Amino acid sequence: MEKNFILAGFGGQGILLAGTILANAFMLDDKNVTWYPCYGAEMRGGTVNCEVVVSDTEVSSVHKKDCDYALVLNQQSFDRFVEHVKIGGTIVANSTLVSETKPRNDINYVFAPMGKLANDLGTSKVTNVVSLGVLSSVVDTISISALKLAIEKVLGEKKKDLLPLNIKALLSGAELIAKV
Amino acid sequence: MSKNDKVLIKGNYAIAQAAVNAGCECYFGYPITPQTEIGEYLSGKMQELKRGYVCAESELAAINMVIGAVSTGAKAMTSSSSCAVALMQEALSYAASDELPVVLVNVMRAGPGLGYIYPAQGDYNQSVYGGGNGDYKIVVLAPSTVQECIDLTYRAFYLAHKYRNPVILLADGLLGQMMEPACFGEYPYPEIDNSSWELSGAKNRNSRAIYSCAKDEQKQIEHINHLFEKFELISKNETSWEEFETEDADIILTAFGSMTRNIKAAMKVLREKGLRVGCLRPITLSPFPHQRINQLAKSGKDFVVVEMNMGQMFKDVRYAVNGESKTELINRPVGEWLKVEEIVSAVEKIMEKNYAASV
Numbered sequence: 048m049e050k051n052f053i054l055a056g057f058g059g060q061g062i063l064l065a066g067t068i069l070a071n072a073f074m075l076d077d078k079n080v081t082w083y084p085c086y087g088a089e090m091r092g093g094t095v096n097c098e099v100v101v102s103d104t105e106v107s108s109v110h111k112k113d114c115d116y117a118l119v120l121n122q123q124s125f126d127r128f129v130e131h132v133k134i135g136g137t138i139v140a141n142s143t144l145v146s147e148t149k150p151r152n153d154i155n156y157v158f159a160p161m162g163k164l165a166n167d168l169g170t171s172k173v174t175n176v177v178s179l180g181v182l183s184s185v186v187d188t189i190s191i192s193a194l195k196l197a198i199e200k201v202l203g204e205k206k207k208d209l210l211p212l213n214i215k216a217l218l219s220g221a222e223l224i225a226k227v
Numbered sequence: 023m024s025k026n027d028k029v030l031i032k033g034n035y036a037i038a039q040a041a042v043n044a045g046c047e048c049y050f051g052y053p054i055t056p057q058t059e060i061g062e063y064l065s066g067k068m069q070e071l072k073r074g075y076v077c078a079e080s081e082l083a084a085i086n087m088v089i090g091a092v093s094t095g096a097k098a099m100t101s102s103s104s105c106a107v108a109l110m111q112e113a114l115s116y117a118a119s120d121e122l123p124v125v126l127v128n129v130m131r132a133g134p135g136l137g138y139i140y141p142a143q144g145d146y147n148q149s150v151y152g153g154g155n156g157d158y159k160i161v162v163l164a165p166s167t168v169q170e171c172i173d174l175t176y177r178a179f180y181l182a183h184k185y186r187n188p189v190i191l192l193a194d195g196l197l198g199q200m201m202e203p204a205c206f207g208e209y210p211y212p213e214i215d216n217s218s219w220e221l222s223g224a225k226n227r228n229s230r231a232i233y234s235c236a237k238d239e240q241k242q243i244e245h246i247n248h249l250f251e252k253f254e255l256i257s258k259n260e261t262s263w264e265e266f267e268t269e270d271a272d273i274i275l276t277a278f279g280s281m282t283r284n285i286k287a288a289m290k291v292l293r294e295k296g297l298r299v300g301c302l303r304p305i306t307l308s309p310f311p312h313q314r315i316n317q318l319a320k321s322g323k324d325f326v327v328v329e330m331n332m333g334q335m336f337k338d339v340r341y342a343v344n345g346e347s348k349t350e351l352i353n354r355p356v357g358e359w360l361k362v363e364e365i366v367s368a369v370e371k372i373m374e375k376n377y378a379a380s381v
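For the record, the sequence lines run as chains Z and C.
Numbered as in the numbering used here, the first sequence ends at 227 without a single skipped number.
Numbered as in the numbering used here, the second sequence ends at 381 without a single skipped number.
Simulated from the structure, these hints should not be mistaken for laboratory data.
You may find that some hints are simply not true.
[To be verified] Pairs of lysine-lysine residues, derived as PhoX-like cross-links and limited to a Cα-Cα distance of at most 20 angstroms, are as follows:
# : chain 1 : residue 1 : chain 2 : residue 2
1 : Z       : K50       : C       : K361
2 : Z       : K112      : C       : K361
3 : C       : K258      : Z       : K78
4 : C       : K28       : Z       : K112
5 : Z       : K50       : C       : K252
Keep in mind that this is a model prediction, so the values were computed, not measured.
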């Protein structure tokens, strides 16, 4: 079984890093996984996205026609990727920056105030990790324990001091939808 | 971390670390997207290991620095991308003629001309047939996953030194930029003894020279014949490819590099629809698996080539099939890889056209 995720937002929101953490989590869960970024000239300010494909067997193609899940952190990404969600798929949006509209009726919508929660935790910089927490509560195959290990791995020794805040952001994100 | 642990790593970094593991002593390069991470990674790593690293003033300089380094028997490489690899063609012709173990990594982007940074497969001809002058052959390896970026980088160093021939690792922007779990293991090949030819200082032996000029016509003829006999041997020993479900197939999809992934996925979809489709994917583009393709064509199997260029490998497949069966092309010049759905519907159309009576 193969599932693919599109993660999108504007440059600086930590989209590629969120994708890297997600891909690491799948790897730690012994899944096959591929991470592929857009790598244009959109480093800061513009929109940025990456695709994560996970499979029990060999991962086939990237750059797929549509996705099972889209995680979008800004309005521009919502508008663009809502068209690329598979019928029956789910779009998970940061309602702090995305207005809660439902342009299609053949997909599922999850709106959660990820940016606001991150600000409440002290910094909007952890919006990406909050969003992974939200995603894990929507997608059964993403385990919180693997995400925790993945964050630890990605932060490494150098940024170990940021671990408690990020774990808190992850766990708060995972509980966000139940509260909404 | 043990050497057998899986790490999530970008194709470019995987190639760079594999080169380090293979014992690459010198790297020379000039930055260009989408392969800049190779040079970036090695700029720190080589210094750490007290090996050679030069950010050259141009690609032309970089490849000629590699020629200088490998002349001494050292393992050395450069990496670049399409339009900049074009600048290296003269040096590749020299290196092939001089029988030097140059390793060149080309992470393909779009062409022709400056093109752009999105991925493409337009350098098949440039790599396999070469843009340098005269009769020469390069060994070309085409990875399809990040794991293969590692495995084939190892193999590139081995083959270059074993046969004293330039080797190109032909990846693309997709592979260079993607991350996948991969395992480095140990460099799996034996070290090659270069002492019979390397320029290591002539103390206690006669002087040697490596040069690419024979004023004597007969000598030049013999030299070229020798190069081609050597390549025959490489073809016999090293030609490699992968096949999936070809045995009962009516149609065999063929692709190289990362497009392999898409044809394998398309094959699964077509099989589920009850169509007998297989896949064949050359790992060595040069030497090319002509014989095997011809053998399969003779048993009545048609070939559909899927590639991100205007039909460059298609010509080699058609040459290998040699009229024994039908050959078709599904392609797009550059950019977003042909999607699995597009390949499936194109193959269905081909089947409708070619087998209208039998389907």
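Tested hints:
{"no.": "1", "hint": "Z:K50 <-> C:K361", "in the structure": "holds (16 angstroms)"}
{"no.": "2", "hint": "Z:K112 <-> C:K361", "in the structure": "holds (7 angstroms)"}
{"no.": "3", "hint": "C:K258 <-> Z:K78", "in the structure": "violated (38 angstroms)"}
{"no.": "4", "hint": "C:K28 <-> Z:K112", "in the structure": "violated (29 angstroms)"}
{"no.": "5", "hint": "Z:K50 <-> C:K252", "in the structure": "violated (47 angstroms)"}
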